[in-house]
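Novice: Produce the entire structure from the sequences given, and follow the hints as far as they go.
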Amino acid sequence: MKNKFLIFAVLLFLLGSSGTAFAQTEDELVEICGVIAKEATYLKDFKIRLDAGDPPPLQRFSVILKKDIKYRFSVCNSKDQEGKVILELFDNNRLISTTYVIATGKDYPSIDFTCSKTGAYHLSFKFKDGKPGLAVGMLSLVETL
Amino acid sequence: MARRFIFFIVVVLMFSSCNSCQNSGKNVGDTFVIPDSLKEDNPVPISAAVIDDMIQNIASPIETAAVLKGLKIPFDKDLIANTDYSENFNTNFAKALGLGIYGCDLGYLNMYGKTSLVIDYISTIRSLADGIQVGQFFDFSTLKRLATNNENIDSLVLISQQSMSRIDTYLRENNRSNLSLVIVAGVWVEGLYISSVVTQDANNKRMRDIIGEQKEILNLMMPLLNHYKKDPNMAKLIKNFEEIKILYNDVKITSENAEPTTIEVNGELQIKQNDVQTIVMSDETLQKIIEKVKEIRIKLLKG
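Line by line, the protein sequences give chains Z and E. Start counting at 1 in the first sequence, then tack on 102, and there's your number in our numbering. Start counting at 1 in the second sequence, then tack on 817, and there's your number in our numbering.
Mixed in with the good hints, there may be bad ones.
Claimed, not checked - Straight-line distance between alpha carbons at most 20 angstroms, and here's what the computed SDA-like set of lysine to any residue pairs gives: (1) K186(Z) - E990(E); (2) K172(Z) - D971(E); (3) K146(Z) - E990(E); (4) K1109(E) - D971(E); (5) K1022(E) - S218(Z); (6) K1089(E) - K186(Z); (7) K1089(E) - D170(Z); (8) K886(E) - D231(Z); (9) K1111(E) - M1098(E).
Source of the hints: derived by calculation from the structure; they are not laboratory data.
Specialist: See below:
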């Protein structure tokens, strides 16, 4: 009986460790995000890893966007964590766009932004309802105008 | 019998867990040891907040090239830096600068699909990257294969960009942000040089604006460079860039804010910014900037 319990415990451990081995890596998420970004040219990726919190913790980045260029911001979530990422794009403190529109409750895997002013913009990432999450955001170039 | 079986399972587990450590997909950089000789003796203190606020893509190797190609400006081999200059890059600082310059050139070559020239540039970049211990992030073999077989230009662009991005991230995360900034400075000055020569030849309004808008980028970059001004090499680079910045005092940029337009097209969100940015720059100022950039760029290449 004791031996059966030991075998069961060892097999349980084995199953647990095999689950960890197949966890989605950030690099895999970058690849998935590349697929979401379609034909746009990759410029930069942002790895987002946040714990649960109320209010939801934020991860911020600054980017320079240039006039007369159409950019694409894409996001993708790790399937191993429950958090769904939300990207918000700010010009100074002005919210320009987001991947989650509260009014409609709709999530967008990517948003296209046609820039008319060269300068620094801010990206803010958080997970919906403050859940813990792992995600990747990607900035790509769609076209020059 | 059962005990033997358990012992067997435990032994297998121990070996498999060791193996999974090696192949866990962990970033190579996490375990990479930097020799002390490559670390600065007295790194300039910089607050974590400043590092966090550092802009991610001050100068992109690909954006300038994308604009040129979009404007249907033909490829010109003479615009890019000859790889022979790489012999002048002997210190870590110079290697990082060279990495930026040739990284920008690689973006230009890739964008125009000039794969026959790419190999020389990726070899140079690899050598400079190795020199500052970041060669492991430059996927040389894949890039070489793609360039040699003239296959999939999109992948060539993607992997080149990702390699440069990984180098940048690694340097920032390992208290070597100074080198990351120097790479950015190299990309920026080379991009501005290419744009300058094209503007001089083509006198295109869009290209003029690209030169003018660098005022905004320079204004963002200078405070970051100034954090490391105690380093004599950085001080020299700052002095060079200050000469360009003074000329930009005569460039006037104004902006008028307006609400962006958001529309959904085939389930995708499209945002059009309606702010109006106006760049005013005289021909004389443009000419002075172009000449100064040419002068500084060749000075940097000669070491």
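Novice: Mind checking the alpha carbons of K1089(E) and K186(Z) for me, to see if they're no more than 20 angstroms apart?
Specialist: With Cα atoms ~25 angstroms apart, K1089(E) and K186(Z) exceed 20 angstroms; violated.
Novice: So if I understand the rule, the pair passes when the alpha-carbon distance is 20 angstroms or less; does K172(Z) with D971(E) pass?
Specialist: Roughly 18 angstroms separates the two Cα atoms, so the pair holds.
Novice: Given the hinted pair K1022(E) and S218(Z), is their Cα-Cα distance within 20 angstroms?
Specialist: Holds, at about 15 angstroms.
Novice: Next pair to validate is K886(E) with D231(Z); report whether the Cα-Cα distance is within 20 angstroms.
Specialist: 43 angstroms, violated
Novice: K1089(E) and D170(Z): Cα distance at most 20 angstroms?
Specialist: Holds, at about 10 angstroms.
Novice: Sort out whether E990(E) lies within 20 angstroms of K186(Z), counting only the CA atoms.
Specialist: 26 angstroms, violated
Novice: Given the hinted pair K146(Z) and E990(E), is their Cα-Cα distance within 20 angstroms?
Specialist: 16 angstroms, holds
Novice: Can you confirm whether the C-alpha distance between K1109(E) and D971(E) stays at or below 20 angstroms?
Specialist: Violated, at about 34 angstroms.
Novice: CA of K1111(E) to CA of M1098(E), is that 20 angstroms or under?
Specialist: 18 angstroms, holds
Comparing the model with each numbered hint stated earlier shows that hints 1, 4, 6 and 8 do not hold.
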